[in-house]
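With the hints in hand, could you dock these two chains into one complex?
Here is how the chains run, residue by residue.
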Amino acid sequence: MPFLELDALSKHYGPVKAVDDVSLSVEQGEFISLLGPSGCGKTTTLQMIAGFVDATAGRIRLQGRDITHAPANSRGLGIVFQSYALFPHMTVADNVAFGLEMQKVERAERARRVEQALALVHLDAHAGRYPRELSGGQRQRVALARAIVIRPPLLLLDEPLSNLDAKLREAMQFELRTIQQQVGTTTIMVTHDQAEAFSVSDRVVVMQSGRITQIDTPYEVYEHPASEFISRFVGKTNLLPPATDGGPQRHVRPEKLMLKPAGQGRADATIVDRFFLGSQWLYHLESPLGPMVVVQVNDGSPAHPPGTAVALDWDDAILRTLPEGGR
Amino acid sequence: MSDTASPRTRSAAWLTLPSLLLFAVMLLTPLSLTLMLSFNEYDAARGATGGFTLSHYAAIVSDGYYLEIFLRTLRIGLITTLLCVVIGVPEAYILSRMAAPWRSVFLMIVLTPLLVSVVVRTFGWSMLLGIEGPVNMLFQAIGIGKTRMLYTEGAVITALVHVMLPFMVIPVWTALQKLDPQVEQAALSFGASRLTAIVRVVLPQIMPGILSGGLIVFGLAASSFAIPGLLGGRRLKMVATTVYDQYLHELNWPMGAAIAVILLIANLIVMLTCHRVVERQYRRRLG
Ligand SMILES: Nc1ncnc2c1ncn2[C@@H]1O[C@H](COP(=O)(O)OP(=O)(O)OP(=O)(O)O)[C@@H](O)[C@H]1O
Ligand SMILES: [Mg+2]
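Going down the list, the protein sequences come from chains A and B.
The UniProt record's numbering applies: residue 1 is where the first sequence begins, and numbers increase by one.
The UniProt record's numbering applies: residue 1 is where the second sequence begins, and numbers increase by one.
Isolated chain B, as found in the complex (with noise of 0.2 Å):
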């Protein structure tokens, strides 16, 4: 951007204001009290009593109690974004070549997961998978016998994937309407089969979509509550059930906060590590 700002950016600088305040009260306000809290000292008979200390932060980085959730979270979100590109990017693919009225129709079927509330679905899938549920009555009549699927990783991961996929679906599918379909078309009468001209040519094409489809993921993923809260169990931690533990149960507040900053962190690097490769490889070939 040049230094001498036109009027048009200058006023368009003005109409983000109101967003500004909100984006300031709303996040910053409370972010900053979180880190604030997180430096408090704990007292388990008074709760927090003000003053400053790194011991929570130190405690979390030495306790392997903590790595442990911490390396979960960070596996839950890794293979949740994995299945959702491998799943969703296929789906957006054929969506976009359905014909036109069942594109719409399957779209819609696509994003249902986001009609019905968390909590709602979440119970839906602990009954799925409960010991009498009906897919343990399945693995019965097929001779596989009943095996315990609720509050395992695969059960959260399951039940992530079902709520992700949208959010993967939709930046795949937008980056797929913006294609032109003879680009596509050149490489094949340039004798490529379907799945080389997929590979070759519509993959990098859509390659940001998948990128920022996976941001979103991973970040919804290793920040989800209800599902781990609800799925995984008192034993499977993630790292947000572990921040409401710390508030809710423990009442250590500054512990809990603390945890917090670090997800919060942890989460900003990978975008932002993202977000600069997605800057360096697309941006001169794709704009």
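Isolated chain A (complex conformation) (with noise of 0.2 Å):
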């Protein structure tokens, strides 16, 4: 039996498809991200599950039971919302406090937990603050602290580090891995953030308008994605031409292709820009295939500059098709 369960879930407004015939088996322990575009309707979902949300159609279960039109303080879920709402009024503490106090764990036991999630979040030294006197990553940290210190069974995060520095995002995915393998919460979090997703789930759902397009592995995503919406929405990509006439169109990822001195390749190209990533150098290319996308290593030698004539090289099994009828 699986842990949580949408079966054919719908949420409409109208004539607005929020929500369309969404399914979706989660084990238990698992970490799910929801992954898509703008408008898609991951918070939809995410309110669904959550009971804020009541669905047009379909059914939720949790556990085996039917929560669909259970009431949201029957759920027992820790939520972390898009927009936080943190309680204004409550301080950093008492913010995280409140969800074991609504349990009646017992003042000492509270303390000592909510250090404990503050220490996660490394904000124990804001413990006395008001929200309104936090900043932004610091008040999205209140309220994964918040969601975390009940332990609840399922974690529904709504892009949970959004507003937080890359460093500091890292440590935070990190920790949600941590606990999800060490207590074994199983976790449902909605990025559009395409390396987030793949950093940290175990499996990733696409949704596209209100529709679920492909659920995978992250390899599996970014390798063998089912459309080409897909593959653009979670990395860069180059068309090449059909092996044969009227075969399949085929993709290969720019860090695929390999730079050569011209005429050494399979492909002559100019480079008519490059951008400095850190690791990686990014070179923009026109060739007779169209223009392509190539992704360097950055092994401390020069980078081409604009202008240089190479030749574009690939080895042929790493060139994918997109499954018939992809959008």
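Check before you lean on any hint, since a few could be wrong.
What the hints assert, rightly or not - One side only, chain A facing chain B, incomplete, derived with CB under 10 Å: (1) 73; (2) 88; (3) 271.
The hints are simulated quantities; they were obtained by calculation from the structure and are not laboratory data.
Ideal Cβ placement from N, Cα and C applies to all residues, glycine included.
And the structure:
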């Protein structure tokens, strides 16, 4: 029996199909990411699981129990809202303690766990502040602490790390992953950052205008996207002409293309522009096959300046074709 | 505020000039005239005779008759405020939860008392509560028997609550509008019951609204004139009706002025105290 089961779940606002026929099975202890462009229905899906949006059709089952229309305060989930929804009249510590208080955890234990949760999100020094005295990222971490402190069976996170700097974000991703692995908390995280979805989740659920278009491991989503849209949403891609006339178009990710000296590859190309990404160089090229992007590891050697004539080379084994009918 | 006012705040200061002028002419002038009048000597035969005396204030403070009127006014003001809070806050909360078309319909209904002249409305109440009025007929029908309701504090308070309710509902409603509904949802998601969510999360956030509503209601109720005048009758006097009597029946203007000044000071003390509380309690948290 799956831990959480969404069965043909839909939410329509008049003619707007915010969520349309979404089905998903989540196993106990799994870390799932909902990934998709803005407005595709991620928050709405999460809010239906949380019990704040009433489903138009379909069922939600948690541990076998039908909770589709159960009141929100009977579900016992830990939620991080996209807008944080902190209690503005309570200090950071009181915010985090609120859920424990509702669970009637006794005072000393409560204080200990609040302290622990605040330390986890690096906010122990701010326990006495009010939310309006915090920065956006600090508020977001309070929201995160408030949700994990109650050790819920299911964590629902709506873009919980969107306001953090890269370093802090990575640290928090690591903490979320650790909690999930040590406590076995089932986690559903909404994000529109594909790198975040890939780095922490067991499975990625890609959504597009209210529908699920792919459910797979991060590796599969990146390497075998179900459609050109997904392919472009989770990374950059190059189109290559079909191998045979009338055959399917082939795709190749920019890091799998090799740059060779002019004349030594399978296609000539000229460097149009280059972007420094730190660990990598991103090149835009012009070639008879059309515009191309190539990513090369920054190995310390000087980058090719724009205007350089080069050649593109690739290994046929890493070319991908998209499934028929993939949009 | 800093000492170095930016050009922006300085031009804003100029913009307040017209309202300042209006305030000075329409409010400060009569107020200072009243204050001066309250120190005038009074002679039963000749009225206010100028000069300077504290005798009116002394009379008010020492005479149990006035003390009773002030206490009654305070009591009626407080009970009215309390009832307005008890009725108005849930009313505003329910209003804010209504679906789109109904919300504005019911908000209009809440505001209707303001559209009818206070005199007309009060006559309505005196007919309703009169000894031959519909309420008494109902009482008789269910076997309670005729009850004298007119000219009681109960009648005055009932009518005051009716008029003042919009002044409670509007600030609370405004405060509720500013709330993020997700904050209340967050409370629910942590297992709070609806009641707990309201008491622990909604009420503290709209407390400034409730307090300012309470201040308006108390100020208006404590200085109300038409309602106690018409529903309280000759014996159940409140401060404002006493001032009126002193001016127009006793013709003791200085005494009337002195009572008015004390009412003003009492009201000011209540308001400033509440304001301090709000400042201290909520400024840091709710901004
Ligand atoms: N209360 C509502 N009434 C009408 N339409 C709504 C309502 N709430 C959401 N929608 C619509 O439903 C769609 C999905 O919204 P949702 O908030 O789930 O998007 P999202 O995937 O979370 O986007 P984002 O990444 O920007 O947060 C949007 O097109 C939105 O306009
Ligand atoms: Mg969203």
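Outcome of the hint check:
1. 73: holds, 4 Å
2. 88: holds, 6 Å
3. 271: Violated - the Cβ of residue 271 (chain A) stays beyond 10 Å from chain B, reaching only about 49 Å at its closest.
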